[in-house]
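**Q** Chains as they are written, first to last, in this note's numbering: chain C, 1 to 157; chain E, 1 to 769; chain B, 1 to 287.
Check each hint, because a few of them may be wrong.
Claimed, not checked - Per the computed footprint, the stretches of chain B lying under chain E, defined by three or more beta-carbons under 8 Å from a beta-carbon of chain E, are:
1) 171-181
2) 189-200
What the hints assert, rightly or not - With the Cβ distance kept under 10 Å, some of the chain B side facing chain E (calculated, not the full set):
3) Gln2
4) Leu6
5) Gln8
6) Pro9
7) Asn101
8) Thr185
9) Thr186
10) Val259
11) Arg276
12) Gly280
Quick caveat, the hints were computed from the structure, so don't treat them as lab data. Quick caveat, the model's predicted, so the values are computed rather than measured. Note that the Cβ used here is the ideal one computed from N, Cα and C, for glycine as well.
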Amino acid sequence: MKVGVQINERELELEVATNSTLIDLLREDLGLRGTVEGCGVGVCGSCTVLVDGRPVSSCLVLAADVDGRVVTTIEGLGRNGALDPVQEAFLEHQAFQCGYCTAGMIMAVKGLLAENPRPSAAEAKDYLSGNICRCGTYEEVLGAVATAAASSDGGGD
Amino acid sequence: MTAIGTSVARADGPLKVTGQVQYTVDTQLPGMLHAKVLRSPYPHARVLAVDATAAAARPGVVVLTAADLTNLDHAFGVALRDQPIVAIDRVRFVGDPVAAVAADTPEAAEAALEFIDVEYEPLETVMDPEAAAADDAPVLHPVERPRAPMFVGWPAERFRGSLNVCSGYHVEQGDLDAGFASADHVFEDTYRVPPIHHGNLEPHAAVASWDHRGHLNVISSTQSPSIVRLQLAEIFGLTENQVRVVVPYVGGAYGSKVYAKIEPLVAAIARKAGRPVRLVLTREEVFATAARHACTVHIRTGVRNDGTIVAREVRAFYDTGAYADTGPRASKKGGYLAGGPYRIEHQSLTSYCVYTNKAPAVAYRGFGVPQVVWAYESQMDDIAARLAIDPLELRRRNLIRDGDTFVTGDVLRNPGLDEALEAVAEAGDWGSPVPEARPGFAIGRGVACAIKSTSTPSNSAASVRLNADGSVHLLTSSVEIGQGSTTALAQVIAETLSIPVSRVTVSLPDTDVTPFDQSTISSRTTFSVGRAATDAAAKIRQQLMSLAASQLEAAVTDLDVDEGSVFVRGSRDRSLTFAEIIRRHFGSPAGSLFGDSVFQTRGGLDPLTGKGKASATWFYSAAAAEVEVDLETGKARVLRIATSADVGKAINPAQCHLQNEGSMLTALGSALFEEVVYDAGQPTNSSFLDYGMPSLEDHPLEFHSILVEHPSEDGPFGARGVGESVISPVAPAIGNAVAAALGGARVRELPISPERVLAAVDQQPEARA
Amino acid sequence: MQPFELLQPRTLEDALDRLADDEEARPLAGGTALVVLMKHALLRPERLVNLKRIPALQGIDWSSETGLRIGALTTIREVEQHQAVRTWFPALAEACHVVANVRIRNLATLGGNLAHADYQSDPPAMLIALGARVRIRSVSGEREEPLETFLVSGYQTTLEPGELVTDILVPPPTAGRRMQYLKFTTRSAEDRPCVGVAVSLGLEGTACRDLRVVVGAVSSTPVRVAEGEELATGKVLTPDLIDEIAGRAASAVDPIGDVRGSPEYKRRLVQVLVRRSLLGSVTEVSA
Ligand SMILES: Cc1cc2nc3c(=O)[nH]c(=O)nc-3n(C[C@H](O)[C@H](O)[C@H](O)COP(=O)(O)OP(=O)(O)OC[C@H]3O[C@@H](n4cnc5c(N)ncnc54)[C@H](O)[C@@H]3O)c2cc1C
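Work out the full structure, taking the sequences as your base and the hints as a guide.
**A** Here it is in structure tokens:
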């Protein structure tokens, strides 16, 4: 079926199968492989992307349901070759190890800062707790959130 | 130079924060098919017939069954070759592969699976390792399987019981009976650990293709490219040059991807299809592919009134699941480390590796050691309580010291254990009053420490290439699984050559190009590959010096290297950059220099005595925990944890701390709630919906990671290794804190679930006070 | 996931027609339950009727006379964040906040949660404690039913084929009403509930005018502790009385054993958590 969607600021008209999920659309149809799947049931958060600015598990969203929506993936962050402040903060705090959760974690942080540009540590924990990092790089993620929030533009654009 | 001991930025950072990083799951090859696996719904059954005719008749579908493999001895395994690519005549756990299908899309492959008919005859199952070891247990492998050439095995017959005991290990010293006779107190307990899931977020994935030379090309998420190449060559009757294994970045492994897992199956179906085939496991399948060994540990300890441990007997039953995989080796390691990091005159340590109808247990961060540490460090606090000796003090009195001989015969040099223990005690405010708990709650503190060894003998090769502009490539088959190897290895080379870390690029494995490395396991990469890389870089340095000697007309002995240049000591103006040396040497700014090195550790344990040289280096660690227990619900919450590890030398302190944080969190999950649950042979929580792992909200409110640096003899710049150190002491430290909070009531089976805590309180009502 | 036909009605009437045409067609809301089931081939519907594009099913309205109307397709996150919900039903905001993670709450709908009727859920117990009703429509008309009777057992409701939940209705709270939702997890903080306890307490001075205690996630449907509620009516909730109500709660439930706890343990927890919720509500009163 036909889907008109804006993905990373590009307007796209796509033909998708009804039984295809948003992550299938991103990875298989569009080659946006920065978004990865970990559990397929909405628990781990590796596949987090923003739909209309809010984080969702792209493994549970039907591709057909992004018709008319705005989708942002990790590939859509940063401008003119410069990294997004959240990405910079992740680098600064070494807030990743194997990296498999990282794209999803960064997108969740984008969602957090968009809603709450100056989150307390408790608020950040509450919001991000659903993004699992088995390497255990949690303190560094919280550090990155604090840095990104403090950076001049708040990182929450 | 300051490349060593500096938390330089990770080499892979820009790839990982932008999503540009490539994992095996991202692989796409032209004409690639997708595979799905038909798996056994029974924990144990005879396979009477597999009829795949209807599936094979579907358009574009290729089916693989055991009938396609009759000309191969396709059973594989790094210790015992007992695991067939697909079931031959029997399935041994729920999830055992029976057939596989490849098709244009994963959906088409999945749909085709339903057209395969399998006739099973259910067999009696056995789920408990100790029951499985008994001589009347149902047997999983009625015919003993051949040993893999790499495995130095011991005669399993000595340890039987039933044929389910596929391996065993025993070591002793002193006279156990005399030891116990001289003890004032004897403690005898049983500790249990369930299977747990690795939680590697990137599932196992592999892509295989065969080319017209008959060569097999595999892209895989494995931690062991060199060994997987060997195993594939062995299965398919190829020579090593005919198999190529490429490993992109790996999205988490923790042991789950050590040695061949899905690669043989993918290679087999690709061979039949004549096209590239990709298999990416679903989460449920990851549960069916790997787990940590469940274990039952019987531990008996004799102690004198002054706290001296005089005798210890341990019998540990490791549940390796349906196939041996690394079980014989993990149980061996757990076996000789079961006495703990203590001077104990009389010891008898035995471990059994036993088949049961569970998913295969494989390598897991800690490799068989956390199971026994859980037992001996928990019991240690019971001893302390009975003897009214402070738990920290009791450990101090018994700790191994520099120059001590371990039960295996190894002499321990410069162990940083006492320092590690004192450091966590201090960070955890040991000895100061425990904060007052809210009404209905209790707070307790616990400490624990541990010793672990590394896989020995083993070897790693490194090839360092100096480019014409003075930049460097390291070719290595070590795998970037997130531990930061591509950064740390660049650091040791940068240090050796006195160049900026940014001038060094570390390869990912490609066995057509990169030299042998045993595996990315056993906390050995910085130690072994790091040493090989350092030595290889030193050879480049030597070449540069001798070239420069003639170019500068100076004696090599008068030269030194700094900031990418060779100079004459005492007159810095007589210097040449690496680029200039190469330009002069080749007469053009093009070309390269090579330095190769192999680092080899020697040793191993004698199969009959259990003695010899167990390890090329040793890892020491400790943890202190403060835990709040809800006395009415039994729920324990970790308030604070301090961990410490003797890393020898921290090449990159930030990465060392991350290893500690990760080990701590995995251990915390295993301590409090992680467990793969089986009900009548069926796994009941093989999904993240039902298997929880620690989240940000589960992180201790306060966490300290302390690095102790007692240099090793052989590691680069004194490094030992850090990947697994902290995982062992954390669970018993938490357990000891819970017991302290409860006035001694102790949970002896992991996880320390709220329900078990309440049961312990019920059995010891005074604990409520 | 097996292929299926996806219908995208824009009006409620159209959706109801589609459902009436094909008894096997399944409504699709947030998909967080349905897509998981379909991915695992536990459900293989041939036709889905997507409810997301129907404006009539969206939105939250509040009036002090009629209370709260929550459109069935409202996401759990919207409920949790809605100003009227936070002001008038803070415990409902809490019961929604503790559902899953923020990504799921951004997708999952309140109507889907109720229609799916998974026993390990948070919002239903709280909604029952608040006396919520569900409005249901089909081509043949509209009906309303208390949520309490709508939930029949695990994964079972009174919904007939062709019927849709259109709204969730919560009566306005009486002045000074106390309410609490307590979610208890036995494993990771991210886990589904082992036990959830919802309390809604109306007061007359310091005495209890009416009390609702509902235990969720333990039995196949949320359990109202009716005996305990009656005991409380007209009385001051002393610690002894609270203990007695908690005891009634423990005997009222018929716990399901699962990976989150055995039946015996859950029963014990119910007693502890009901006592804590009531003590919490009462302390709030005296404070
Ligand atoms: C990772 C994860 C964690 C979770 N944790 C929790 C938790 O902690 N607590 C908790 O309470 N829940 C939890 N849930 C469950 C979650 O709340 C439900 O999946 C969700 O609310 C279902 O709503 P939906 O809109 O996604 O429904 P869908 O998946 O779209 O539909 C579910 C079912 O309801 C039917 N249906 C949907 N809407 C209607 C309607 N308006 N009328 C009639 N029938 C309808 C569908 O046909 C389907 O059968 C969790 C779920 C996930 C995936």
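**Q** Count the residues of the segment 189-200 of chain B whose Cβ falls closer than 8 Å to any Cβ of chain E, and tell me whether that reaches three.
**A** Answer holds; 4 residues pass the 8 Å Cβ test.
**Q** At a threshold of 10 Å, is the proposed contact between threonine 186 of chain B and chain E supported by beta-carbon distances?
**A** holds, 5 Å
**Q** Three residues or more, CB to CB closer than 8 Å: is that satisfied between the segment 171-181 of chain B and chain E?
**A** violated (count 0)
**Q** Would you settle whether the hint for glycine 280 of chain B is holds or violated, based on the nearest Cβ-Cβ distance to chain E being less than 10 Å?
**A** violated, 13 Å
**Q** Is the shortest C-beta separation between asparagine 101 of chain B and chain E less than 10 Å?
**A** Cβ of asparagine 101 of chain B sits 9 Å from chain E, so the hint holds.
**Q** Given a cut of 10 Å on the nearest C-beta pair, is the interface hint for glutamine 8 of chain B held or broken against chain E?
**A** violated, 22 Å
**Q** Just to be careful: measuring from the Cβ of proline 9 of chain B to every Cβ in chain E, is the smallest value less than 10 Å?
**A** Status violated, d = 26 Å.
**Q** Let me know if the C-beta of glutamine 2 of chain B comes in closer than 10 Å to any C-beta of chain E, holds or violated.
**A** With a minimum Cβ separation of about 7 Å from chain E (threshold 10 Å), the hint on glutamine 2 of chain B holds.
**Q** So, arginine 276 of chain B near chain E? Judge it on the closest CB pair being under 10 Å.
**A** holds, 8 Å
**Q** Hint validation: leucine 6 of chain B versus chain E, beta carbon distance must be below 10 Å. Holds or violated?
**A** violated, 16 Å
**Q** Hint validation: threonine 185 of chain B versus chain E, beta carbon distance must be below 10 Å. Holds or violated?
**A** For threonine 185 of chain B, the interface hint holds, since the closest Cβ of chain E sits about 8 Å away, which is under 10 Å.
**Q** Does valine 259 of chain B pass the interface check with chain E, least Cβ-Cβ distance below 10 Å?
**A** holds, 5 Å
Checked against the numbered hints given earlier, the structure breaks hints 1, 4, 5, 6 and 12 and satisfies all the rest.
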